[in-house]
Amino acid sequence: MTIHNLYIFSKNGTLLYYAEWNRLHKSGITKGEEAKLMYGMLFSIKSFVSKISPLDPKEGFLYYKTTKYTLHYLETPSGLKFVLNTDNITQNARELLQQLYKEVYLEYVVKNPLCQLNEPIQSELFKLKVDELFKKSPLFLGRSI
Amino acid sequence: MRQQIDTKINSHISGEADECLFEYLHAEMVNYVLDKSYKTKEGEEELSRLEWMGFSVGYRIIERLTREWNRFKDELDMIKFICTDFWTSLYHKQIDNLRTNHHGVYVLQDNSFRLLEKVGTNSNKQYLQESPRLLTFTCGLLRGSLANLGIISTVNAEISTLPSCKFHVQVQRI
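If you read the sequences in order, they're chains S and X.
Quick note on numbering: the first sequence equals residues 3 to 147 in this note's numbering.
Quick note on numbering: the second sequence equals residues -11 to 162 in this note's numbering.
Bear in mind the hints are in silico, worked out from the structure with no lab data behind them.
Note that this is a predicted model, so its numbers are computed, not measured.
The reader is advised that the hints may include incorrect statements.
Stated by the list, open to error - Lysine-lysine pairs mimicking DSS-like chemistry, simulated, CA-CA at most 27 Å apart:
(1) S/K48 to S/K70
(2) S/K138 to X/K113
(3) S/K113 to X/K113
(4) S/K131 to X/K113
(5) S/K104 to X/K113
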């Protein structure tokens, strides 16, 4: 199980935070462009899913899967978007994102009076805690079965 | 973990306001005062209003916190009260270290000050510049409480590594 990379977007699409752990293939464009591309795609998928769904889409878009990786998506009621790429056998990545939101984002960004909300996160302590959370998570182990 | 936090809050003597309410309000107060004040030369921040707010709050808090206490024996006794009960009811922990020269100078050290906890750890120097503004209110708080106990003092704060800080209390003898 492997975690590849993580994006956090604000409600209006600013890339607040990006981190990567095991990313073997680079996109070849700058991080800013990549983030815009990513956000655009997510935005489209979201509206696609809500339009095309034959039933009431309660939670909407949750994840997608390719042959190589899975993208997990978590959007909070306030519009914050957490995006995590993992391999295909990883489960419970959503819980991990919830945990990231509750235990790291809320604690070290919202409760830090020196952090501006809706701007890229600069806090070193936040970065440290994200890394800690992911590295101690059982999903992180780079052991492929 | 959550359980632990909950019991800690419940067992707490004064639950007058939820803790994050205070944290957010404090942050906004700091921003407000910074916004209103003119920067002096050298870009130093003018925070005396914030200190004054702290003073008034401290002055009032002492009335309430000491209602079940007898009179204090001496100055050291009062400072000890500040370090233990007073600090616990405001910041959920005691002062970690108290030092004095027995001539009116007290140094109160908190190794994990609540208002700095979420800002940084000792391994990074980020925000060290901005952090002192988060202590001004507490300086006033200390000064106000001591004033109501009959000690006129000046209080300064010092941060060397986050999230620990030291408050220097200098008693003024008349």
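Check: Is the Cα-Cα distance between S/K131 and X/K113 27 Å or less?
Finding: Since the Cα atoms of S/K131 and X/K113 sit roughly 16 Å apart, the hinted pair holds (cutoff 27 Å).
Notebook entry, point to check: Regarding the pair S/K104 and X/K113, is the alpha-carbon distance no greater than 27 Å?
Noted result: Holds. S/K104 to X/K113 sits at ~25 Å (cutoff 27 Å).
Notebook entry, point to check: Under the criterion that the straight-line Cα-Cα distance not exceed 27 Å, is the pair S/K48, S/K70 satisfied?
Noted result: holds (22 Å)
Margin query: Between the alpha carbons of S/K113 and X/K113, is the straight-line distance 27 Å or under?
Written below: holds (19 Å)
Notebook entry, point to check: Does X/K113 lie within 27 Å of S/K138 when you go C-alpha to C-alpha?
Noted result: Holds - the C-alpha atoms of X/K113 and S/K138 are around 25 Å apart, at most 27 Å.
Checked against the numbered hints above, the structure violates none of them.
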